[in-house]
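A.B. asks: Chain by chain, the residues run as shown.
There are 2 protein chains.
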Amino acid sequence: VDLRVVLVAPRNPLNIGAAARAMANFGFTTLRLVNPYELAFREARSAVGAASILAAAEEFGSLAQAVGDCELVAGATAAARRQLQHPLHRLEAGAQLIRNQPGPVALVFGSEKFGLSNEDMSHCHWLMRIPTADFNLSMNLGQAVAVCLYELIREPGAQPQPGRRKPAKASDIEQITRLLLETLTESGYLNPVTAESSEQKIRRLVRRFDIAAEDAPMILGILRQALWRFRAPRA
Amino acid sequence: VDLRVVLVAPRNPLNIGAAARAMANFGFTTLRLVNPYELAFREARSAVGAASILAAAEEFGSLAQAVGDCELVAGATAAARRQLQHPLHRLEAGAQLIRNQPGPVALVFGSEKFGLSNEDMSHCHWLMRIPTADFNLSMNLGQAVAVCLYELIREPGAQPQPGRRKPAKASDIEQITRLLLETLTESGYLNPVTAESSEQKIRRLVRRFDIAAEDAPMILGILRQALWRFRAPRA
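Here the protein sequences line up with chains S and B, keeping their order.
458 is the number of the first residue of the first sequence in my numbering; add one for each residue after it.
458 is the number of the first residue of the second sequence in my numbering; add one for each residue after it.
Keep in mind the hints are simulated off the structure, nothing from the lab.
Beta carbons: idealized from backbone N, C-alpha and C, even for Gly.
Fair warning: there could be bad hints in the mix.
What the hints assert, rightly or not - Facing chain S, from chain B, some residues (calculated, C-beta under 8 Å):
1. Arg-478
2. Ala-535
3. His-546
4. Gln-553
5. Pro-559
6. Glu-612
To be verified - Derived SDA-like pairs (lysine to any residue); straight-line CA-CA distance at most 20 Å:
7. Lys-570(S) to Leu-636(S)
8. Lys-623(B) to Trp-583(S)
9. Lys-623(B) to His-543(S)
10. Lys-626(B) to Gln-657(B)
11. Lys-658(S) to Leu-636(S)
12. Lys-626(S) to Arg-660(S)
13. Lys-626(B) to Met-675(B)
14. Lys-623(S) to His-582(B)
15. Lys-623(S) to Leu-471(B)
16. Lys-570(B) to Ser-519(S)
17. Lys-623(S) to Trp-583(B)
18. Lys-570(S) to Ala-508(B)
19. Lys-658(S) to Thr-642(S)
20. Lys-570(B) to Ala-497(B)
21. Lys-623(B) to Ile-676(B)
22. Lys-623(B) to Pro-544(S)
23. Lys-570(B) to Pro-470(B)
24. Lys-570(B) to Lys-626(B)
25. Lys-623(S) to Leu-545(B)
26. Lys-623(B) to Leu-545(S)
27. Lys-570(S) to Leu-471(B)
28. Lys-623(S) to Pro-544(B)
29. Lys-623(B) to His-582(S)
30. Lys-570(S) to Pro-544(S)
31. Lys-570(B) to Trp-583(S)
Using the sequences provided together with the hints, build the complete structure.
C.D. replies: As structure tokens, then:
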């Protein structure tokens with residue numbers, strides 16, 4: 458996506474810095490500020506981690522100018538007030554529309570204190586709602602930017618990684634089992650009378666551990682050492 | 458999900474407050490802190506918007522204690538260092554595993570400065586990586602918590618809302634078209650010689666506007682007024 462992140466009248470340098478850092482985290486570069494509080498903008502420029510984004514950030518006198526070159530203007534909001542005039546998409550769906558947009562897109566965030574005004578919203582094609590649990594609790598600006606940008610880059614098809622560890626061969630597992638059984642017999646844990654059913658319990662237990670090939674030698678070493686200890690003549 | 462958000466050694470009251478606010482935003486309530494800097498914790502408790510979560514936050518002397526009652530312990534990270542010992546899932550996939558977990562789950566975040574230590578990680582079943590663009594730029598703690606919690610509550614199937622505006626009937630659109638054509642003829646924009654092809658262009662243009670039913674009367678009013686003006690005898 459050819460995205461411009463647009464902050465309207467941000468007041469807090471920490472929030473401007475946090476927005477820029479989230480952009481750096483998720484690989485976006487164009488930051489535009491509409492009437493930022495001068496001091497906030499100056500202080501934000503010294504923020505860690507996103508210096509190049511902040512140095513290149515552009516300042517505009519109006520939202521109309523800031524979004525002038527964009528083919529889609531989407532407003533982000535966590536609250537539900539004042540939105541009846543505009544189509545409102547959940548973030549998941551809005552992000553899809555943004556990703557499908559070939560031309561430049563502006564993603565507009567309102568000020569910390571007031572959010573997007575009706576005037577700001579009138580420049581937006583539609584609004585996108587971060588699906589928060591509580592309509593009345595606004596989101597922190599830096600966190601809202603992070604969540605929206607994350608949604609833009611997330612991969613719907615991502616699957617759990619299979620554990621990268623190669624499982625131990627059955628023969629290694631069985632060797633571990635036999636050594637463990639011997640050890641438990643030596644320790645007195647296994648009662649020779651009920652040995653058969655106990656053996657099966659232990660065998661199943663060892664299988665449930667999903668022992669990795671690379672861990673087998675260490676486990677065997679531990680058991681051999683214990684056995685040696687049990688069988689060694691007492692001093 | 459029965460989730461506990463666990464922050465290890467957080468130093469900055471703003472970050473503790475931001476984590477709690479993100480929890481409130483996305484509907485989670487159980488916050489646990491492992492060895493927080495006393496002052497940071499005390500200051501965070503006065504944060505806006507998430508007072509009840511912070512008031513109920515529990516303090517622990519070790520990560521082992523903080524995750525003791527959990528059946529799954531997942532560590533969150535944005536960096537890629539030091540993770541070779543652990544299965545590493547992308548956030549999208551890890552969140553799926555967490556949602557599928559019936560018992561209580563701990564989601565563990567490292568300190569702002571150092572992230573999760575190897576010792577911290579050794580308490581985790583696996584790690585979950587926020588898919589940032591740059592491995593070397595860590596995420597802000599409050600933003601990382603917000604992004605992870607958002608991923609846990611997002612709805613994969615969310616579809617763009619159809620515009621809630623009812624489209625105008627074809628007869629209204631046609632009435633608008635006729636009035637516009639009359640107006641353009643009166644204004645001299647339409648040349649009577651080439652009128653037919655121009656008419657079709659105008660007709661298609663009006664259809665592309667996707668005029669809503671509720672907007673039709675205003676547009677008709679605008680055109681009627683213009684026509685009246687053109688046709689009125691000059692003073």
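A.B. asks: If a hint holds in the structure, say so; if it doesn't, say that too.
C.D. replies: Structure-based check of each hint:
Interface restraint check for Arg-478(B): the shortest CB-CB distance to chain S comes to about 6 Å, inside 8 Å, so the restraint holds. Look at Ala-535(B): its Cβ gets to within about 7 Å of chain S, closer than 8 Å, so that hint holds up. Evaluation of the His-546(B) hint against chain S yields a held restraint, the C-beta minimum of about 5 Å falling below 8 Å. Because the closest C-beta pair between Gln-553(B) and chain S is about 7 Å apart, less than 8 Å, the hint holds.
Hint status for Pro-559(B): violated, given a least beta-carbon distance of 17 Å to chain S, over 8 Å. Contact between Glu-612(B) and chain S, as hinted, is supported at the beta carbon level, the nearest pair being about 6 Å apart and thus within 8 Å. For the proposed pair Lys-570(S) and Leu-636(S), the alpha carbon gap of about 67 Å is over 20 Å, so the pair is violated. For the hint linking Lys-623(B) to Trp-583(S), the alpha-carbon distance of about 16 Å falls within 20 Å, and the restraint holds.
Using a Cα cut-off of 20 Å, the hinted pair Lys-623(B) and His-543(S) holds, with the two alpha carbons roughly 13 Å apart. With a C-alpha separation of about 19 Å, the suggested pair Lys-626(B) and Gln-657(B) falls inside the 20 Å cut-off, and the hint holds. Between Lys-658(S) and Leu-636(S) the alpha-carbon distance is near 15 Å, which keeps this suggested pair within the 20 Å criterion. Pair hint Lys-626(S) plus Arg-660(S) holds up; C-alpha atoms about 15 Å apart against a cutoff of 20 Å.
A distance of roughly 15 Å separates the Cα atoms of Lys-626(B) and Met-675(B); the hinted pair therefore holds under the 20 Å criterion. Proposed proximity of Lys-623(S) and His-582(B) is supported: the alpha carbons are some 17 Å apart, at most 20 Å. About 43 Å separates the Cα atoms of Lys-623(S) and Leu-471(B), which puts this hinted pair outside 20 Å; it is violated. For the hint linking Lys-570(B) to Ser-519(S), the alpha-carbon distance of about 38 Å lies beyond 20 Å, and the restraint is violated.
For the proposed pair Lys-623(S) and Trp-583(B), the alpha carbon gap of about 16 Å is at most 20 Å, so the pair holds. Our distance criterion of 20 Å between C-alpha atoms is met by Lys-570(S) and Ala-508(B), whose separation comes to about 19 Å. Our distance criterion of 20 Å between C-alpha atoms is met by Lys-658(S) and Thr-642(S), whose separation comes to about 14 Å. At roughly 14 Å between alpha-carbon atoms, Lys-570(B) and Ala-497(B) fall within 20 Å of each other, so this suggested pair holds.
Our distance criterion of 20 Å between C-alpha atoms is met by Lys-623(B) and Ile-676(B), whose separation comes to about 16 Å. Between Lys-623(B) and Pro-544(S) the CA atoms are separated by roughly 12 Å; this keeps the pair inside 20 Å, and the hint holds. For the given pair, Lys-570(B) sits about 14 Å from Pro-470(B) by alpha-carbon distance, which is consistent with the 20 Å threshold. The hinted pair formed by Lys-570(B) and Lys-626(B) fails the criterion: a straight-line CA distance of about 61 Å is larger than 20 Å.
Of the supplied pair hints, the one linking Lys-623(S) and Leu-545(B) holds, its CA atoms being roughly 15 Å apart against a limit of 20 Å. For the hint pairing Lys-623(B) with Leu-545(S), the CA-to-CA distance comes to about 15 Å; that is within 20 Å, so the pair holds. Between Lys-570(S) and Leu-471(B) the alpha-carbon distance is near 17 Å, which keeps this suggested pair within the 20 Å criterion. Pair hint Lys-623(S) plus Pro-544(B) holds up; C-alpha atoms about 12 Å apart against a cutoff of 20 Å.
In summary, the hint linking Lys-623(B) to His-582(S) is supported, as the alpha carbons are separated by about 17 Å, within the 20 Å threshold. Restraint check: the Cα-Cα separation between Lys-570(S) and Pro-544(S) comes to about 23 Å, which exceeds 20 Å; the hinted pair is violated. For the suggested pair Lys-570(B) and Trp-583(S), the alpha carbons sit about 39 Å apart, so the restraint of at most 20 Å is broken.
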